[in-house]
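Peer 1: Put chain B on the given structure of chain A with help from the hints.
Each protein sequence line maps, in turn, to chains A and B.
Quick note: the first sequence uses the working numbering, first residue 1, plus one each step.
Quick note: the second sequence uses the working numbering, first residue 1, plus one each step.
Hints may contain errors.
Estimated spans, in silico, between C-beta atoms of each pair [said to hold, decoys possible]:
hint, chain 1, residue 1, chain 2, residue 2, range
1, B, E155, A, Q188, 45 to 51 Å
2, A, E126, B, R166, 44 to 50 Å
3, A, Q184, B, R166, 48 to 54 Å
4, B, H147, A, Q184, 46 to 52 Å
5, A, L106, B, V101, 50 to 56 Å
6, A, R102, B, P176, 30 to 36 Å
7, A, T154, B, D77, 28 to 34 Å
8, A, E126, B, T154, 23 to 29 Å
9, A, D30, B, Q109, 26 to 32 Å
10, B, E7, A, P58, 21 to 27 Å
Just so you know, the hints here were simulated from the structure itself, not pulled from any lab data.
Owing to the predicted nature of the structure, the values given are computational and were not obtained by experimental measurement.
Where a beta carbon is used, it is the ideal one built from N, C-alpha and C, also for glycine.
There are 2 protein chains.
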Amino acid sequence: MELAKLEKQLSFLREIDRLKSVVRQSPLLDKSRKENSAEHSWHLAMYALLLSEYACGPVNAHRVMQMLLLHDIVEIDVGDFPIHGGSSKEVHAEQEARAAVRLFGLLPQPQGDELLALWQEFECGETEDAKFAKALDRFQPLLINIHTGGGTWTENGVSMEQVFSRYGPVIQRGAPLLWSACEQWVTQHFAQ
Amino acid sequence: MELAKLEKQLSFLREIDRLKSVVRQSPLLDKSRKENSAEHSWHLAMYALLLSEYACGPVNAHRVMQMLLLHDIVEIDVGDFPIHGGSSKEVHAEQEARAAVRLFGLLPQPQGDELLALWQEFECGETEDAKFAKALDRFQPLLINIHTGGGTWTENGVSMEQVFSRYGPVIQRGAPLLWSACEQWVTQHFAQ
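Chain A extracted, bound-state conformation (with noise of 0.2 Å):
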């Protein structure tokens, strides 16, 4: 076994655990704490392992799951970029592929180089795959924000018309079946 392999692997690794001090702004179901990123791109690997029947096109679950394992690891680099924030999204994205060539680059190739473009391909969103992980991405804090009686939405004062425009372009790409299903319970939601 070659071991200079086995070491880059493991020192990507090891520096990917810090991805599991990147706290989000969405709050656990029983409101105990903030979300970690780690823990919030294993959830996501789960919606996906139980919902690609929802997705709009003919999906590859494996891909969609390693894309949503890997989609935030950058965050590592450049911290979370909150939906409801006001910061230049141009410059975020710049400074993430930044960081996505340092983190995929501790990596053997090509092994690095494929897990790059499968990160650059999410980013881009244009494949089905790309367009259902990113739907799951935006379906999980929603249905948080449902579940907790408002959660960001309330603490950012956020109105419904900003939930639908903030929300329903990505999820309706995706999985327009779960896009109707939001519309219903955001309705629902803000009547209250």
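Peer 2: Chain B only, in chain A's frame:
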């Protein structure tokens, strides 16, 4: 769309949010706190994504990843079973089996039975996929202990011989190449 089916899937996905509150014995690598079982499951799925070349036999990385994503959800009902603890393994296994039936029973059929079967396959540890998944589940905490200067070994006064007997057979069986690397690291660790 059958909304009742989606509701069952989402009730399962809400229930497993509780795995984020199950605390394990292992620390994060920066020792800031103990790891929880949800982020541990994410990390293991990343191990599966990167290291399947070291499996003993031919494995289906997608199935291994799925097993690792869901292998710990029974801990929502019964808690984590520490490798260096003293309680009865048989009683614990029975409790876990009941928890699996309850949790996967939240899902619509046949999805619930399929995932229950996958969980049982992992527990039995007889197929190539399960042997490799189990090896990774033992490999990750070993690495944490090596890279945190002893971790749960120091806390529990675990000897080198106990490390060899508690980790060796499972890692050796599913990923012999990883175990030969471990033998070196463990020997070096206890020599210091």
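Peer 1: Which of the numbered hints above does this structure break?
Peer 2: 5 and 8
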